[in-house]
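Novice: Chains A and B supply the protein sequences, listed in that same order. Using this note's numbering, the letters of the first sequence correspond one by one to residues 4 to 382. Using this note's numbering, the letters of the second sequence correspond one by one to residues 32 to 326.
Hints were generated in silico from the structure; no laboratory data involved. One should not assume that every hint holds.
Claimed, not checked - Here are the simulated DSSO-like pairs of lysine-lysine, each with C-alpha atoms no more than 30 Å apart in a straight line:
{"id": "1", "chain 1": "A", "residue 1": "K179", "chain 2": "A", "residue 2": "K348"}
{"id": "2", "chain 1": "A", "residue 1": "K135", "chain 2": "A", "residue 2": "K186"}
{"id": "3", "chain 1": "A", "residue 1": "K244", "chain 2": "B", "residue 2": "K291"}
{"id": "4", "chain 1": "B", "residue 1": "K35", "chain 2": "A", "residue 2": "K179"}
{"id": "5", "chain 1": "A", "residue 1": "K186", "chain 2": "A", "residue 2": "K368"}
{"id": "6", "chain 1": "B", "residue 1": "K35", "chain 2": "A", "residue 2": "K244"}
{"id": "7", "chain 1": "B", "residue 1": "K35", "chain 2": "A", "residue 2": "K135"}
{"id": "8", "chain 1": "B", "residue 1": "K128", "chain 2": "B", "residue 2": "K318"}
{"id": "9", "chain 1": "B", "residue 1": "K318", "chain 2": "A", "residue 2": "K244"}
What the hints assert, rightly or not - Not the full set, but computed from the structure, chain B residues with beta-carbon under 8 Å of chain A:
{"id": "10", "residue": "L79"}
{"id": "11", "residue": "G105"}
{"id": "12", "residue": "E121"}
{"id": "13", "residue": "R273"}
These figures come from a predicted structure and were not determined experimentally. Where is the CB? At the ideal position from N, CA and C, for every residue including glycine.
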Amino acid sequence: MPESPPSRTPPPAADSENVRLIRILEKRVEDRKRLTSELSEDLSSPSDIVRLKQLKETEPLQTAWDQWVNTRQLLEETDALLNDPDETMRALANEEHKQLSASLSSLVETTIPSLLIPSSTTANLSAMLELKSGVGGSESSLFLSDLLRMYLRLANVRRWQTTVVSQNENEGGGIKDAIVEVKGEGAYDALRWESGVHRVQRVPATEASGRVHTSTVAVIVLPLMEESDTTEELFSMDDVKVEVMRARGAGGQHVNRTESAVRLTHIPTGITVSMQDERSQHQNRRRAFTVLRSRLMDIKLTREIAERRATRQSLVRTADRSEKIRTYNFAQERVTDHRIGLTLKNLSSVLEGDGLQDFIYEIKKDHDESVLEDMLSTE
Amino acid sequence: MASKLLSALTAALGPRQAANELRWFQQHTTSTSDLAEMVQRRVAGEPLQYILGPSTLFLFILVLNSILGSQPFGPLNLLARPPVLIPRPETEHWVIKLAERIPASPESPKRLLDLGTGSGCIPLLLCHLLPQGSLRACGVDISERALRLATDNAELCSTPTEARAGHKNTFMATNGNILSPSFSADAKINPPYDIVTSNPPYIPWDEYLHLPRSVSAYEDPKALFGGPDVLSFYHAIASLVRKNGFLRPGAIIALEVGHKQAQDVEQIMRIEAHMHDVEIWSDPWGKHRTVVAHL
Numbered sequence: 004m005p006e007s008p009p010s011r012t013p014p015p016a017a018d019s020e021n022v023r024l025i026r027i028l029e030k031r032v033e034d035r036k037r038l039t040s041e042l043s044e045d046l047s048s049p050s051d052i053v054r055l056k057q058l059k060e061t062e063p064l065q066t067a068w069d070q071w072v073n074t075r076q077l078l079e080e081t082d083a084l085l086n087d088p089d090e091t092m093r094a095l096a097n098e099e100h101k102q103l104s105a106s107l108s109s110l111v112e113t114t115i116p117s118l119l120i121p122s123s124t125t126a127n128l129s130a131m132l133e134l135k136s137g138v139g140g141s142e143s144s145l146f147l148s149d150l151l152r153m154y155l156r157l158a159n160v161r162r163w164q165t166t167v168v169s170q171n172e173n174e175g176g177g178i179k180d181a182i183v184e185v186k187g188e189g190a191y192d193a194l195r196w197e198s199g200v201h202r203v204q205r206v207p208a209t210e211a212s213g214r215v216h217t218s219t220v221a222v223i224v225l226p227l228m229e230e231s232d233t234t235e236e237l238f239s240m241d242d243v244k245v246e247v248m249r250a251r252g253a254g255g256q257h258v259n260r261t262e263s264a265v266r267l268t269h270i271p272t273g274i275t276v277s278m279q280d281e282r283s284q285h286q287n288r289r290r291a292f293t294v295l296r297s298r299l300m301d302i303k304l305t306r307e308i309a310e311r312r313a314t315r316q317s318l319v320r321t322a323d324r325s326e327k328i329r330t331y332n333f334a335q336e337r338v339t340d341h342r343i344g345l346t347l348k349n350l351s352s353v354l355e356g357d358g359l360q361d362f363i364y365e366i367k368k369d370h371d372e373s374v375l376e377d378m379l380s381t382e
Numbered sequence: 032m033a034s035k036l037l038s039a040l041t042a043a044l045g046p047r048q049a050a051n052e053l054r055w056f057q058q059h060t061t062s063t064s065d066l067a068e069m070v071q072r073r074v075a076g077e078p079l080q081y082i083l084g085p086s087t088l089f090l091f092i093l094v095l096n097s098i099l100g101s102q103p104f105g106p107l108n109l110l111a112r113p114p115v116l117i118p119r120p121e122t123e124h125w126v127i128k129l130a131e132r133i134p135a136s137p138e139s140p141k142r143l144l145d146l147g148t149g150s151g152c153i154p155l156l157l158c159h160l161l162p163q164g165s166l167r168a169c170g171v172d173i174s175e176r177a178l179r180l181a182t183d184n185a186e187l188c189s190t191p192t193e194a195r196a197g198h199k200n201t202f203m204a205t206n207g208n209i210l211s212p213s214f215s216a217d218a219k220i221n222p223p224y225d226i227v228t229s230n231p232p233y234i235p236w237d238e239y240l241h242l243p244r245s246v247s248a249y250e251d252p253k254a255l256f257g258g259p260d261v262l263s264f265y266h267a268i269a270s271l272v273r274k275n276g277f278l279r280p281g282a283i284i285a286l287e288v289g290h291k292q293a294q295d296v297e298q299i300m301r302i303e304a305h306m307h308d309v310e311i312w313s314d315p316w317g318k319h320r321t322v323v324a325h326l
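All chains, please: the whole structure from these sequences, using the hints.
Specialist: Given below as structure tokens:
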């Protein structure tokens, strides 16, 4: 029986990005060793507690490193046996070699990167989801209500709490614009990549001739800040101008008309927030400040991303909100995300919320990879 | 159908206000006949707050003897019933500001008297905003219907009366006529007080005649009309608080005033009531709305 030549896997370390990854891991493990040596004899000093905590936190790194070293060693030993004169031995070695290579790849490509990527600073943030009709009149508003339903379904699956904070119906049907608070862990991290222009191609329900129309909806996702969230002040009250919307004449007892509309202007940035959905000034004011906080936090996060010096251009840029990010083609039953070039052939699954998760997963992965890339280029 | 209702409202209120109010009506009911009735009442001039009730949940909690209505006030959602004066946003604004100025501690609870309490909005909002156990409030009104509403609102806000205090702020409504010379003897009030608040009737007669229908046809004239001497209530309050032992040291008095009245009321508080440190607060519309005096 002819033998297939043993396939010698090129050592994973030949890949330069992986080399850097392993080097970083090695450095972290060395730091850990140093930390251990710094522990006092009887573990009595207060800084010991900090050190022990750090050691506990970095334990997975140590485990991964040990695994890598171990697997590499075994691979080397197996390599030697690939040319053994005994056929059975060679077969066994081949088998083992395959398994070990697979383990090593998995370590280097998946496990270690996930351990080294700094945990997201935004992981705990909830989201404020804003949808605005774009081009296309009533059809755009109708599509907006489809998207709104999609996001509410997703939130349901992910066990986030949703509150529709404001919603304006369109005369011809559908929803002109809406703001939804999505509360729950990971809500912002998942939804943030939905920001951008979503485009729909379909025959409108209102269209008699059966022609396909293109219309758009703009989605903006901002981090939702609880009043207690900010560790640092995002703004000072002195910088905010609060205006009420209508002149009230004599006001007070003279008038019982509900004048609850409020407009905030953040003078340094020029951001204005108008709120008139609630029947009380006080409630509109509170909501307006929540939106202001979200917008200011969004600016801060966007700036942080722009300041990162990623050598590889991330496919997902957050700066341009007017970019078309996704097209929903009803005639061909498919949805394409233009940033990562991914097309899903099950449009209804996307609109139900499940298919949407696939997009989110892929985009998040792309983002994480750019974060990793950035980390490698700075260490 | 909705567009017909919208145009009826627009004719009465103007486009932006009409759009907002129709939306609030629609949030309140899905029945088209109820919606049409609400719009009809509103177009006739009835205040929105008397038409829009609180959620059905509250219906099961309270027994009410007339039409249901509501008005959000700060974080509270108070009942509004004709003819009791509907809480105003100007009042909401200064009461919230006042809460920030009161040094409150459960160790030494402060006693508050609200004159002309109406719906009870002023003391109830303060009971909600100040730390629990730090406030004992009393609201006086001449109108039995106001007292009933204030009591219902207290129950809605879970604010107990003095007797069943526990560790919560308390509120009690009691009958009294501020203008009567025997007021402090007749009414069940117990000086000394740390805080005195009031939004007394302050509209002069000529202005009363020109009020919008939603005010003059539905809200109690006794809550609005200041009397032949439009500042009579402020004079009465001044003579009340200057009585020996009526106020505790460090007391604060906050009085809402009508437009163009702040200077005169400030003078009354300084000269007739012998108060020091008299400030004037503006409302969100830039009007001088509250006179705040310290003993």
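Novice: Now, for every hint given, state plainly whether the structure supports it.
Specialist: Each hint tested on the structure:
Only pairs whose Cα atoms come within 30 Å are accepted, and K179 (chain A) paired with K348 (chain A) is accepted, the gap being roughly 28 Å. A hinted pair counts as satisfied when its Cα atoms are at most 30 Å apart, and K135 (chain A) with K186 (chain A) qualifies at roughly 20 Å. Of the pairs offered as hints, the one joining K244 (chain A) and K291 (chain B) holds, with about 25 Å between alpha carbons and a cut-off of 30 Å not exceeded. Straight-line distance between C-alpha atoms of K35 (chain B) and K179 (chain A) comes to about 20 Å, which keeps the hinted pair within the 30 Å bound.
Between the alpha carbons of K186 (chain A) and K368 (chain A) the distance comes to roughly 22 Å, so the proposed pair stays at or under 30 Å and holds. The suggested pairing of K35 (chain B) with K244 (chain A) is violated, with an alpha-carbon distance near 38 Å, which exceeds 30 Å. Proposed proximity of K35 (chain B) and K135 (chain A) is supported: the alpha carbons are some 26 Å apart, at most 30 Å. Annotation: proposed proximity of K128 (chain B) to K318 (chain B) holds, straight-line Cα distance about 15 Å (limit 30 Å).
About 17 Å separates the Cα atoms of K318 (chain B) and K244 (chain A), which keeps this hinted pair within 30 Å; it holds. The restraint placing L79 (chain B) at the interface with chain A holds, with a minimum CB-CB distance near 6 Å, inside the 8 Å limit. Look at G105 (chain B): its Cβ gets to within about 5 Å of chain A, closer than 8 Å, so that hint holds up. Of the supplied interface hints, the one on E121 (chain B) holds, with its beta-carbon coming within about 5 Å of a beta-carbon of chain A, less than 8 Å.
Restraint check, R273 (chain B) versus chain A: the minimum CB separation of about 25 Å is more than 8 Å; hint violated.
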